[in-house]
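**Q** Take the given structure of chain A and dock chain B to it, following the hints.
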Amino acid sequence: MPSDRPGANLPPLSLYVPEPRFRPGDTVDFTEVPVPPAGQARRPDTAEPASAFTDLAYDLVRVLDADGQAVGPWNPRLSPDTLRAMLRSMVTVRAFDERMFRAQRQGKTSFYMKCTGEEAVAVSAAFALDRDDMCFPSYRQQGLLIARGWSLVDMMNQIYSNKGDRLQGKQLPIMYSVRDASFFSISGNLTTQYPQAVGWAMASAAKGDTRIAAAWCGEGSTAEGDFHSACTFASVYRAPVIFNVVNNQWAISSFSGFAGAEATTFAARAIGYGIAGLRVDGNDALAVYAATAWAAERARTNQGPTLIEHFTYRVEGHSTSDDPGQYRSAGEASAWPLGDPVTRLKDHLIAIGEWDEERHIAQDKEIAEMVRAAQKEAEANGILGHGLHQPLDSLFDGVFEEMPWHLREQQAQMLAEETASGRPWARK
Amino acid sequence: MNMIQAINSAMDVMMDRDPAVIVMGEDVGYFGGVFRATAGLQAKYGKTRVFDTPITECGIIGVAVGMGAYGLRPVPEIQFADYIYPALDQLVSEAARLRYRSAGEFIAPITVRSPFGGGIFGGQTHSQSPEGIFTHVSGIKTVIPSTPYDAKGLLIAAIEDNDPTLFFEPKRIYNGPFDGHWDRPTQNWSQHPAGAVPEGYYKIPLGKANVVREGEALTILVYGTMVHVASAVVADAGVDAEIIDLRTLVPLDIETIEASVKKTGRCMIIHEATRTGGFGAELSALVQERCFYHLEAPIERVTGFDTPYPHSLEWAYFPGPVRIGEALKKVMKD
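Residue numbers (the UniProt record's numbering), protein chains in the order written: chain A, 1 to 428; chain B, 1 to 334.
Just chain A, same shape as in the assembly (with noise of 0.2 Å):
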């Protein structure tokens, strides 16, 4: 018989669509999750090819235990006076998040992103990086600025485009420049900087210097081709660099299964290049210091490119403008089987004897004042939406080093029309 279709006999076609396995009402079961136990991967030598340590981009590399102790290859075995200074940069970081979160929710500014939950991601690299290795971050790495002691008020006037803001009010909050702390200017397009990174990386070899360079960028963001050029430019020229994949499970309320997750590791897609992959806990500062340790010394050592995958969680919501509520299960942060960066950090101090309860809270409220106080300080220069904090006339400032004729003549309209406005705005 003849048929309207051709190849009907065979059967049909059906497309795939991931799906995560909890929404919003269901209850949260994570033990599917593979949580190896800490110490238990082993830790190649830095000299040993990419190709002796596959297994490591399907791994976990985990240094703290259930008790709080480290253990295995990949201790870093950090002085006290070290994990300290780590713990109190992550908590700054959260009381950080917590007040510009609330100053956003006041109308103060136009938005913000926290990283809770991913703490130990960006202040554990900076810890383990030299401060003037060139760090290209995406907008959840403020740990690094708090890490490397840069000003929480510098920070802030950033947030409110204030008359302190360095970037003159010219950036969305949070979207942070700070040469002086080797913080390379954050764009809101993703994963543009990682072939930027790549670039800066060759510089610094082709001119013999000894800095080296790193990228961030969530695992949403591994699907933008910039991620591919960049791995295939790391690989071709073994360029100095760390390549930083945050899993956090989720890009805005897209899950990681549309990045590839359900197929494969992110630290895996190094394989394919060449490039050395390590998969670690995002959520053990010992383990992600370690790691970016042995990837800069990697990298300073010539032997090329590490590309590590921070298994991490995002307990809080994209960003301001984001409901999670909407799209996943409530349960789904306490369930989390890899715990909170920053309890887990502590309990570590606590339980080699270095820290205890007390000293925490003290602490806790020491931060939170230092922090209310930097919040002060900024609001003094002035929040957004409060009149105008940049000189009027700056809006044309940096589009060119000079000044084209066109820019000029707009620029003249604009002060012309404000001058007949009657309103007084500031000049230069």
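It is worth saying that the hints were derived from the structure and are not from the lab.
Using N, Cα and C, we set each Cβ at its ideal position, and we do this for glycine too.
Careful: at least some of the hints might be erroneous.
Said to hold, decoys possible - Selected chain B positions facing chain A (Cβ under 7 Å, derived; list incomplete):
hint, residue
1, Thr48
2, Pro54
3, Val63
4, Ala69
5, Glu94
6, Ala103
As the list claims (entries may be wrong) - To spell it out: a stretch of chain A is covered by chain B in this simulated footprint if at least three of its residues, at any positions, have a beta carbon under 8 Å from a beta carbon of chain B; those stretches are:
hint, segment
7, 159-168
8, 172-185
9, 197-203
10, 226-232
11, 404-413
**A** Just chain B, lined up with the frame of chain A:
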């Protein structure tokens, strides 16, 4: 020198003067580029300053931005301008905005060289003129030479410039000026005064147009290959036209344009790129805004058609002598 040699000489001069200048792109290293524009540079300056890249335009430009931020002056090549689109985000969102968004903390002093334009039977993927896409973007400069002399001087200026610059090379005239008659033999640059290119350093400032022919009857605004096509048509028609080679589209030499149109009272704009939203539309608007009361006829635009670049019908697409001649009659009618 032909235009390729002039471009090569510009890079040679700049690499010799400034160790921060590096050249990168597909095939630019050992082989010296598919058009030979980088020939000999790797042998002279070494492969850490002149090197081949993977075939990823977004990677090439992204890496160049990072190198620029480090303190180098990369001169990346995009082998054909038609292939610049994968790099669009790196150019538009990153290179063009880096200075502005970081308030000068980081800059991208890169010069992207790319052969562009049609007339070589390059089909849809080796013929396009994408300049209008970039002139629409704030923070990036666009430079288009029309002679070997200009190519060298402008390229040196672009490499020295601290802003990201696109340097589009009209490949139809790499070897000699082209009068638009595809069935006639092409003249060689050695027979043209602008083919006399000094060996050493000189530069032509960005933002300064060149009046290639002074005239009283009409102003013709052109760049690249069309400078020569327009000149040939004007010579054949015997019209006393003032022909202005814009040289740089951003920044644009508005003073020269305005003075000329006010003098002649008529204006014609010619480019190879598609018409709608092309740079000719911007030129037309500027002339109308500034010279309306001096105009004696509507502004005429002669452009490529709003189709993809056709292969076999290339010469029907190309804004050649016939189309320009008709437009010339129209604008000179009254």
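**Q** Compare the structure with each hint and give your call.
**A** Status of each hint after checking the structure:
Given the 7 Å rule on beta carbons, the hint for B/Thr48 holds: about 5 Å separates it from the nearest Cβ of chain A. Checking B/Pro54 against chain A by beta carbon gives a least distance of about 5 Å; that is within 7 Å, so the hint holds. With a cut of 7 Å, the hint placing B/Val63 at the interface with chain A holds, because the nearest CB-to-CB distance is about 3 Å. At about 6 Å, the closest approach between the beta carbon of B/Ala69 and any beta carbon in chain A falls short of 7 Å, and the interface hint on this residue holds.
For B/Glu94, the shortest C-beta to C-beta distance to chain A is roughly 5 Å, which falls under 7 Å, so the interface hint holds. Annotation: B/Ala103 was flagged as interfacial toward chain A, and the flag holds, the nearest CB pair being 5 Å apart, inside 7 Å. For the segment 159-168 of chain A, the proposed coverage by chain B is satisfied: 3 residues have a C-beta within less than 8 Å of a C-beta in that chain, meeting the threshold of three. Only residues whose C-beta sits within less than 8 Å of a C-beta in chain B count toward coverage, and the segment 172-185 of chain A has 6 of them, enough to reach three; the restraint holds.
A stretch counts as covered by a chain when three or more of its residues have a beta carbon under 8 Å from one of that chain; for the segment 197-203 of chain A and chain B the count is 7, and the coverage holds. Check on the segment 226-232 of chain A: 5 of its residues sit with their Cβ under 8 Å from a Cβ of chain B, so the three-residue criterion for coverage holds. Look at the segment 404-413 of chain A against chain B: 3 of its residues bring a Cβ nearer than 8 Å to a Cβ of that chain, three or more, so the hint holds.
Consistency with the previously given hints is maintained throughout, with no hint failing.
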